[in-house]
Amino acid sequence: SQTIHQWPATLVQPVGSPLSLECTVEGTSNPNLYWYRQAAGRGLQLLFYSVGIGQISSEVPQNLSASRPQDRQFILSSKKLLLSDSGFYLCAWSYTPLGNEQFFGPGTRLTVL
Amino acid sequence: QQQVKQSPQSLIVQKGGISIINCAYENTAFDYFPWYQQFPGKGPALLIAIRPDVSEKKEGRFTISFNKSAKQFSLHIMDSQPGDSATYFCAAPYGYDTDKLIFGTGTRLQVFP
Numbered sequence: 449s450q451t452i453h454q455w456p457a458t459l460v461q462p463v464g465s466p467l468s469l470e471c472t473v474e475g476t477s478n479p480n481l482y483w484y485r486q487a488a489g490r491g492l493q494l495l496f497y498s499v500g501i502g503q504i505s506s507e508v509p510q511n512l513s514a515s516r517p518q519d520r521q522f523i524l525s526s527k528k529l530l531l532s533d534s535g536f537y538l539c540a541w542s543y544t545p546l547g548n549e550q551f552f553g554p555g556t557r558l559t560v561l
Numbered sequence: 109q110q111q112v113k114q115s116p117q118s119l120i121v122q123k124g125g126i127s128i129i130n131c132a133y134e135n136t137a138f139d140y141f142p143w144y145q146q147f148p149g150k151g152p153a154l155l156i157a158i159r160p161d162v163s164e165k166k167e168g169r170f171t172i173s174f175n176k177s178a179k180q181f182s183l184h185i186m187d188s189q190p191g192d193s194a195t196y197f198c199a200a201p202y203g204y205d206t207d208k209l210i211f212g213t214g215t216r217l218q219v220f221p
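Taken in sequence, the protein lines are chains A and B.
Residues in the first sequence are numbered consecutively from 449, following this note's numbering.
Residues in the second sequence are numbered consecutively from 109, following this note's numbering.
The set of hints was computed from the structure by calculation and includes no laboratory data.
Be aware that one or more of the hints could be misleading.
[Said to hold, decoys possible] If you anchor each label on the Cβ, the simulated ranges turn out as follows:
#1 A/VAL499 <-> B/GLY149: 27 to 33 Å
#2 A/VAL463 <-> B/GLY124: 44 to 50 Å
#3 B/ARG159 <-> A/GLY464: 33 to 39 Å
#4 B/LYS150 <-> A/LEU531: 20 to 26 Å
[Claimed, not checked] In silico EDC-like cross-links for lysine to aspartate or glutamate, where the CA-CA straight-line distance does not exceed 16 Å:
#5 B/LYS165 <-> B/GLU134
#6 B/LYS208 <-> A/GLU549
#7 B/LYS208 <-> A/GLU507
#8 B/LYS176 <-> B/ASP187
#9 B/LYS208 <-> B/ASP139
#10 B/LYS208 <-> B/GLU134
Quick reminder that beta carbons are idealized off the backbone N, C-alpha and C, glycines included.
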C-alpha cells in the first residue's frame, strides 16, 4: 500500500529565515506530486505540481520554490520567510492510471513570527 | 480564475439529521468530483467521489448527487453523527488539466448529540 510522509509536523521560524519542508511517498512509482497551502479556516491553494523528477509547475507567484530531486521526494523551500507564509502545508500524490484521486499527507503547521 | 463555489461555510446539525453541502463548478474537460473530509490538524482524506456516468453515488451514509446541466453537485450525510464533525471540501478538475484539482473553500460541519 502507498503511504505519504511529511516532516516536520510543526515548525516555528522567524521572519527572514530559510525553509525546507520535505515530502516522501512510498509504495508507488512516478507519482504526480503536489504542494498545497491551507490558511486558517480557508480552502486548499495549489502551490506547486510535479509530474516527474526536475519537473515543477508553479501555480501562484510567491516567496516559495519547490524541487523534486528524486521520483518520490518533493521539497518546498524558501530563502527568506515572510509572515504571510504561515499556514498548514500539505503534500499530496496521485497516480494517473489509478484515476484522478489525490491522497494527502499529514501536513506541516508553519508559524512565522 | 476558475473557482468551485461551496456552501454553506458552516453547518450545525443535530445527531440523526441530514447534512447537505453544495458545490458549483465551471467548465471542465471531464467529470470527476471528489469530496474530502478533514479533521483538525490532519490532512484531508478522500471520502467519496463520483464520475458521473451516473447522477448519484452512495457509500454508506454518504451520497453524492450530481446535476450536470446545472454544473452542481452535493454531498448528503444521512443520520449525521458527532464523529462526522469535520471540515468537508469538494473538488473539481482544474480546467482541462487531467492531473489537477481545484478545491472549494470548505464547510465546517458540527453535529451535536
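Structure-based check of each hint:
1. Between A/VAL499 and B/GLY149 the CB atoms are about 30 Å apart, so this pair conforms to the stated range of 27 to 33 Å.
2. Remark: the range hint 44 to 50 Å for A/VAL463 to B/GLY124 is upheld by a beta-carbon distance near 49 Å.
3. A beta carbon spacing of about 47 Å between B/ARG159 and A/GLY464 contradicts the range 33 to 39 Å that was offered as a hint.
4. Under the hint 20 to 26 Å, the C-beta atoms of B/LYS150 and A/LEU531, about 25 Å apart, fit the expected range.
5. At roughly 21 Å between alpha-carbon atoms, B/LYS165 and B/GLU134 are farther apart than 16 Å, so this suggested pair is violated.
6. Straight-line distance between C-alpha atoms of B/LYS208 and A/GLU549 comes to about 10 Å, which keeps the hinted pair within the 16 Å bound.
7. Between B/LYS208 and A/GLU507, the direct Cα distance comes to roughly 11 Å. Compliance with the 16 Å bound is thereby established for this hinted pair.
8. With a C-alpha separation of about 27 Å, the suggested pair B/LYS176 and B/ASP187 falls outside the 16 Å cut-off, and the hint is violated.
9. Annotation: proposed proximity of B/LYS208 to B/ASP139 holds, straight-line Cα distance about 13 Å (limit 16 Å).
10. For the proposed pair B/LYS208 and B/GLU134, the alpha carbon gap of about 14 Å is at most 16 Å, so the pair holds.
The structure fails hints 3, 5, 8 (numbered hints given earlier, in ascending order).
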